[in-house]
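S.K.: Below are the chains, spelled out letter by letter.
2 protein chains.
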Amino acid sequence: MRYELYYWPAIQGRGEFVRLALAEAGADYVEVGRERGREAVEKFFARKREPHPPYAPPALKAGNRVIGQTANILAFIGARHGLAPKDGAGALWAHQLQLTIADMVTHIHDTHHPLSGRLYYEQQKAAAKRRTADFWGYRVPKFMGYFEHVIALSGGPHLLGKRLSYVDLSLFQIVEGLRYAFPKRMKRFEKRIPRVIALHDRVAKRPRIAAYLASKRRIPFSQFGIYRYFKELDR
Amino acid sequence: MRYELYYWPAIQGRGEFVRLALAEAGADYVEVGRERGREAVEKFFARKREPHPPYAPPALKAGNRVIGQTANILAFIGARHGLAPKDGAGALWAHQLQLTIADMVTHIHDTHHPLSGRLYYEQQKAAAKRRTADFWGYRVPKFMGYFEHVIALSGGPHLLGKRLSYVDLSLFQIVEGLRYAFPKRMKRFEKRIPRVIALHDRVAKRPRIAAYLASKRRIPFSQFGIYRYFKELDR
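Chains X and G, in that order, are what the protein sequence lines are.
Using the working numbering, read the first sequence as starting at 498 and increasing by one per residue.
Using the working numbering, read the second sequence as starting at 498 and increasing by one per residue.
No lab work stands behind these hints, which were simulated from the structure alone.
No experiment lies behind these values; they were computed from the predicted model shown.
Watch out, some of these pointers could steer you wrong.
Heads up, the list lumps identical chains together, so a pair's fine if it works in one copy or across two of them.
[Said to hold, decoys possible] With a cut-off of at most 30 Å between alpha-carbon atoms, the simulated DSS-like pairs for lysine-lysine come out as follows:
1) LYS702 / LYS639
2) LYS540 / LYS684
3) LYS540 / LYS639
4) LYS713 / LYS681
Given the sequences, and given the hints that come with them, work out the whole structure.
M.R.: This is the structure:
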């Protein structure tokens with residue numbers, strides 16, 4: 498079956514977590530936004546009769562099923578493509594970690610847009626500085642310290658132990674994004690999370706992920722996604 | 498089996514979504530924070546050897562299992578106590594709605610604390626006003642319009658149709674909280690979401706929920722939770 502991914506065509510955004518999972522799974526899928534344009538994505542989300550309407554991109558269409566919410570899509574892909582534990586307790590634990598990653602993603606986005614996604618960064622620059630100070634002073638150490646601890650607990654090298662799961666791909670993406678948005682801060686911080694960085698490097702070398710990252714399917718980081726670089730936020 | 502709920506003893510917060518589901522399920526549970534104090538909750542989250550450590554409260558202990566992340570806990574309770582569809586696609590859809598509610602909860606919290614949870618409201622009052630304007634101008638209509646649409650699609654009276662699910666209990670709680678934090682704004686807005694309000698009223702009358710709300714188990718709203726009332730934010 499050929500999946501359809503509905504996400505914005507020009508950004509990594511939350512869709513990237515799904516793209517990485519589909520790439521690692523070797524799944525056949527079409528990126529509707531990139532093939533048919535942004536309007537096709539908007540039209541899909543405006544459909545009034547879809548019985549399980551997703552709230553916002555990304556959404557995945559699998560046959561007749563439409564699935565929304567990034568973490569939910571990953572749980573679905575993980576179960577189908579061997580990227581999550583098969584037992585109920587293990588699958589729930591993987592999903593729990595993914596929900597914690599989702600919380601971190603919201604915090605990352607809000608460093609540059611703490612007041613409104615409809616205002617420009619320049620209109621909320623002072624607030625962004627304060628939110629970023631909180632993010633690096635408190636949130637990053639707590640989130641990343643947590644993931645470091647989880648890898649240590651499982652015995653590594655992955656979050657769940659010996660086997661890779663979709664959560665590892667998402668944590669890889671978090672590290673990539675923080676390096677783009679906060680290169681100086683991240684360079685200093687990485688020493689404190691050796692297991693997370695080793696996991697990141699291991700994911701980057703997986704053949705399907707390496708091929709994906711080197712391909713045109715990987716959209717470059719930009720100033721329009723979750724991760725944005727502003728010199729004044731990266732001391 | 499007796500569940501243990503680990504959450505802060507003095508606030509509704511995110512724990513309230515779990516409490517409502519446990520109440521409707523008629524489940525036997527102990528509130529560790531309320532029986533043994535806040536320190537018992539902190540101690541639980543500081544345990545270094547828990548194999549599936551939750552990131553932050555709430556957490557539910559079910560026998561040997563420890564489950565974190567509110568939406569994940571609800572998926573677990575829902576499956577065990579008939580508060581969610583039994584089939585995989587239906588369960589995933591219910592969970593997807595719950596994740597959208599979780600997103601809305603974060604937005605509600607950030608209306609009064611857009612910059613940092615470690616600063617007082619007074620230190621971020623100007624930012625809170627701007628974030629609240631965005632929340633009511635854009636987020637509330639979109640989120641609530643979505644839930645209104647989902648109830649219409651399912652045929653009602655619940656989000657999933659004839660049968661109640663844990664998501665209905667959470668949507669009830671969102672309405673309650675918005676009424677507490679933004680009484681004037683909410684009074685004006687409610688006319689636009691008749692199905693959501695009818696669902697709220699229906700949930701409030703369920704015997705177990707009504708008994709719970711009238712009991713001391715229901716902690717009152719306060720200025721320390723997700724929903725806080727500030728006159729200047731409620732025009």
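S.K.: Compare the structure with the hints numbered earlier in the document and write down the numbers of the violated ones, lowest to highest.
M.R.: Hint check: 2 fails alone, others pass.
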